[in-house]
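2 protein chains.
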Amino acid sequence: MNDFTFFSPTKFIFGREAIDALGGELSKRFFRKALIVYGGASAVKSGVLKRVKESLDANGVAYEEMGGVRPNPELQQVRAGIELLRSSKCDCLLPVGGGSVIDCAKAIAFGADYDGDVWDFFDGKAKITKCLPIAVVLTLPAAGSEGSASCVISNDAISAKRGVGADIIRPILAFMDPETTFSLPPYQTAAGVTDMIAHICERYFSGQGPALVTDALAASLIRTLIASAPKALADPRDYEARAAIMWAGTLAHNDLVGCGRASSAKTRAGGWESHALEHELSAIDPKITHGAGLAVVMPAWMRYVVDADPSRFIAFGRDVFGIAPADSSDESVKAAASETINRLQEFFVSMGMPRSLKEFGLEESSIDQLLDGLEKSKGKVFGAFKPLGREDARAIYKSAF
Amino acid sequence: MNDFTFFSPTKFIFGREAIDALGGELSKRFFRKALIVYGGASAVKSGVLKRVKESLDANGVAYEEMGGVRPNPELQQVRAGIELLRSSKCDCLLPVGGGSVIDCAKAIAFGADYDGDVWDFFDGKAKITKCLPIAVVLTLPAAGSEGSASCVISNDAISAKRGVGADIIRPILAFMDPETTFSLPPYQTAAGVTDMIAHICERYFSGQGPALVTDALAASLIRTLIASAPKALADPRDYEARAAIMWAGTLAHNDLVGCGRASSAKTRAGGWESHALEHELSAIDPKITHGAGLAVVMPAWMRYVVDADPSRFIAFGRDVFGIAPADSSDESVKAAASETINRLQEFFVSMGMPRSLKEFGLEESSIDQLLDGLEKSKGKVFGAFKPLGREDARAIYKSAF
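Protein chains in written order, with this note's numbering: chain P, 1 to 401; chain C, 402 to 802.
The shape of chain P in the complex, shown without the other chains:
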C-alpha cells in the first residue's frame, strides 16, 4: 500500500428525514443566507425545492436562487452565479441536484473571493486557497461530488471541459434522501451507476501495487452496485436499492477507494484515462450524458491497456464477477481478463447504456477534434495504468465506434 492522505470531512445526513435537518444544520453554523443552485424543473416538480425552502424558513436562514444549471455546467453560468452571490451577500452555497449543479456551486464558491476570472483555476493560472462553505442536497446520485474534492466545468467558447481538485472544496454537509431519487428516469439511473463504477475503476486501475483494504472495499462497492441497479430499474421506488446506489456513489468518489493507490500521499489515485476520454465527448456535444459516455469509452480503454498488466484485471474479475482463469497460461489469463471487460460492458448495456459512440450520433471524422481537445486538457501523454499518446487515444476512440 503506497502512502496516502485520506480526508473526507463532509457530514453526511442520509435517509428519509435528511432534508428536514437542513435548516437546523445551517443555522447552528451561523449561516445567514444561502445561494440555492439547481437545474431544471424537476427540483420544483418533485417538491424537493419546496421542502428545502421550508426548512430554511423554519430556521431563519434566508436564501437567493439560481436555477437552470445545465448538465455539463458551463462557465457563463458560474460567472453569473458569482455575480449573484456577491450582490446578494450569500454566505454559503446550497446546490440541490446532482454533480452538475454541485460542481457549478463549487466553482461559484471558490471563484467568489477571487479577483480574476474563475476559469483561471481550470487553466492552471490560479490555485484554490479559499472557498465558501457548500451544503449539498443530493437528488441525482452519480458524480459523487457531494463528498469529493473535485469540480468539472465546461467552457463552450473553447469547447473545453476541465476539472480541478482541492480538499477545501469538499462540501461541509450533504443531505441525501433516497426517496428523492425515486423519480429518476432509467437512463439517468443507469448513467449514474456507470459513473460510480468508473470512479472506482479509475482508482482501481491506477498502475500501483497492492492496497488490500482498498481493493476489497472497491470490489464490494461495485458488487453492491451491480446487484442494486437492476432492482432500481425494475422498481424505481425500491428504497433499499436506491439507498445502496446513493451511498455507494458517495463512497465511490470521496477517495476512500483511492487510499494507497496513488503514487504518493501527495497525488491523487489513478490516471483518470476514461474520464479524460469522455470529457472530450461532452465537450463537443454537451448533450452526451457523462455516464453514458463512460459506458462506451471505459471498456474501449480497458481493452486497449489490458496487456500492460492483465493480473490487475484478473483480480478485478475474481473479486467482482467470480471469474477465474482456467489455468495459469498466458492464453487463459488473457481470456479471463477479456471476459472480465466483456462482463462489465454487458452490465452497462443491460442497464440501457450505449455500446458504441455511433449511438450518440458521433462520426469517426470527429476523432481529430476529440484528440485536439484531449491534448489541450491532458498534454501529449497521459495515463497511469499505461501512458497514452495521441495515436493510442485515436485507437481507443476508433475502437469505440
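Please note: incorrect hints may appear among the correct ones.
[Unchecked claim] Keeping only pairs whose Cα atoms sit at most 25 Å apart, straight-line, the calculated DMTMM-like set for lysine to aspartate or glutamate is:
hint: 1; chain 1: P; residue 1: Lys33; chain 2: P; residue 2: Asp20
hint: 2; chain 1: C; residue 1: Lys787; chain 2: C; residue 2: Asp769
hint: 3; chain 1: C; residue 1: Lys454; chain 2: C; residue 2: Glu426
hint: 4; chain 1: P; residue 1: Lys50; chain 2: P; residue 2: Glu17
hint: 5; chain 1: C; residue 1: Lys446; chain 2: C; residue 2: Glu580
hint: 6; chain 1: C; residue 1: Lys667; chain 2: P; residue 2: Glu65
hint: 7; chain 1: P; residue 1: Lys11; chain 2: P; residue 2: Asp120
hint: 8; chain 1: C; residue 1: Lys667; chain 2: P; residue 2: Glu240
hint: 9; chain 1: C; residue 1: Lys632; chain 2: P; residue 2: Asp57
hint: 10; chain 1: C; residue 1: Lys667; chain 2: P; residue 2: Asp319
hint: 11; chain 1: P; residue 1: Lys45; chain 2: P; residue 2: Glu65
hint: 12; chain 1: C; residue 1: Lys779; chain 2: C; residue 2: Asp458
hint: 13; chain 1: P; residue 1: Lys127; chain 2: C; residue 2: Glu426
hint: 14; chain 1: C; residue 1: Lys412; chain 2: P; residue 2: Asp57
hint: 15; chain 1: C; residue 1: Lys412; chain 2: P; residue 2: Asp167
hint: 16; chain 1: C; residue 1: Lys528; chain 2: P; residue 2: Glu25
hint: 17; chain 1: C; residue 1: Lys531; chain 2: C; residue 2: Glu484
hint: 18; chain 1: C; residue 1: Lys667; chain 2: P; residue 2: Glu17
hint: 19; chain 1: C; residue 1: Lys759; chain 2: C; residue 2: Asp557
hint: 20; chain 1: P; residue 1: Lys11; chain 2: C; residue 2: Asp769
hint: 21; chain 1: P; residue 1: Lys28; chain 2: C; residue 2: Asp769
hint: 22; chain 1: C; residue 1: Lys531; chain 2: P; residue 2: Glu364
hint: 23; chain 1: C; residue 1: Lys667; chain 2: P; residue 2: Glu179
hint: 24; chain 1: P; residue 1: Lys266; chain 2: C; residue 2: Asp458
hint: 25; chain 1: C; residue 1: Lys528; chain 2: C; residue 2: Glu484
hint: 26; chain 1: P; residue 1: Lys266; chain 2: C; residue 2: Asp769
hint: 27; chain 1: P; residue 1: Lys28; chain 2: C; residue 2: Asp514
hint: 28; chain 1: C; residue 1: Lys434; chain 2: C; residue 2: Asp516
hint: 29; chain 1: C; residue 1: Lys528; chain 2: C; residue 2: Asp514
hint: 30; chain 1: C; residue 1: Lys781; chain 2: C; residue 2: Glu760
hint: 31; chain 1: P; residue 1: Lys11; chain 2: C; residue 2: Glu426
hint: 32; chain 1: C; residue 1: Lys429; chain 2: P; residue 2: Asp167
hint: 33; chain 1: C; residue 1: Lys446; chain 2: C; residue 2: Asp639
hint: 34; chain 1: P; residue 1: Lys266; chain 2: C; residue 2: Glu465
hint: 35; chain 1: C; residue 1: Lys667; chain 2: P; residue 2: Asp57
hint: 36; chain 1: C; residue 1: Lys667; chain 2: P; residue 2: Asp20
[Claimed, not checked] Per the computed footprint, the stretches of chain C lying under chain P, defined by three or more beta-carbons under 8 Å from a beta-carbon of chain P, are:
hint: 37; region: 627–641
hint: 38; region: 647–656
hint: 39; region: 659–669
Since the hints were made in silico from the structure, they are not lab data. Note that this is a predicted model, so its numbers are computed, not measured. Ideal Cβ positions, reconstructed from N, Cα and C, are used throughout, including at glycine.
Once you have looked at the hints, place chain C on chain P.
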C-alpha cells in the same frame, strides 16, 4: 437502510513518511504546544517518540510529556493529565500509542475545560460540549480510537470501566506508519485484530434491517483482516499485511460500517453487547487485554443470541467465510450459523487468543461481581440484537468458562 449520519472529519496521514509530516501539520494549524501522552517504554525504545519530537522541534511546536499510561487507562492518570495540561498551557493533545493512550488523551482533552471532575462525563452527570484538538500518532492498531467518537476509561476505585461518545472528540489528525507496528508482539497483534473484528460485528449484529453497502464493506474488511493477520504473525515485518491491519482497524471503528445499521440517525449502530461483557472483565482485572477478552466473550454471546435471527449469521457466514446452509431447513440453517460462529472463534484461537475465561485465571465464582458491574454500566436489560437481562448475561459468562 435506516437513516444515518456519517461524519468522520479526521485527516488520516498514512504510510512510511507519516510521522515526518506531524510538525508541519500542527504548525500550519497554529498549535504552539502539544501535550505528548504515551504508555510504556516501547514508544521510547522504538524511536517513535524521538521522531515525533524531532518533527515538532523542526516546526517550532513546543511540547510537554506525560508517559506511563497503562492499558485500560485509569481515571487518576486522566486527572493528572488535566492538571499538567492546565499548568503547562498546552493547546492540543498528541497521544503516541494505541487505544489506551488515545482514550486517556481524549478524556484529558474534554476534561480540561470543565470545572467539575472528569468522571462526571462517564457517570452521565455532564455532557461533552468542548474538547481540545487531538492529533494521534498510532503505533498499536486495535481500538480504532484514532478515528472514533468514543473514549473508554477505567475507574479502579469503583471497579468500573465506562465509555462516552461525541463527534467533537474525534481526532483532527491521525499519523499512521505501519512500520511502527513491526515490533508489536504476536499477542498484541492478535488482540488488536480481534478488537477490530469485534467493532465490525457489534455493528453488523445490530438487530436492524438490511444496509447493503455497509454489510458488503463490513464483510470485506473482516475478510481482509482474516487474510492479513496470519501473514503479520508469520512475518512481523510484512508491510502490506501490517498496513492492511492498521487501515482496516480505523475503518472498523470510524462508523463507516455502522451506516444504516442504527435504529435512527441519532443513535449509534449496535448494542455493543460483547464490549459490555468484556469491559467487566478488564474492570475486575486490568491485566486482561481487551481484544483477548473479546475473543472469548464474543463467540459466547453469539451462541447465546443466534436463534433470535439466524439469517443474520447466515449472511455473515456466506460473505465472510463462504459458508452456505445445505438446504433451507431449520436444521441446516442452524448448523450453518453454528459453523460460522465456530469458524470465527477458531480464527481467534489460531492467532493465539484464549478460548475460555479460565485462561485469564478467572473463576466462575467471579460471575456475580461481573454481573453487578454490568448492571451498573448498562442497566437491568441491555443489547440490540436480543435484549439481555442479568440471567442471560450469567449464562453467557458461564458458557465462556
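Which numbered hints does this structure break?
6, 7, 9, 10, 12, 14, 20, 21, 22, 26, 30 and 34
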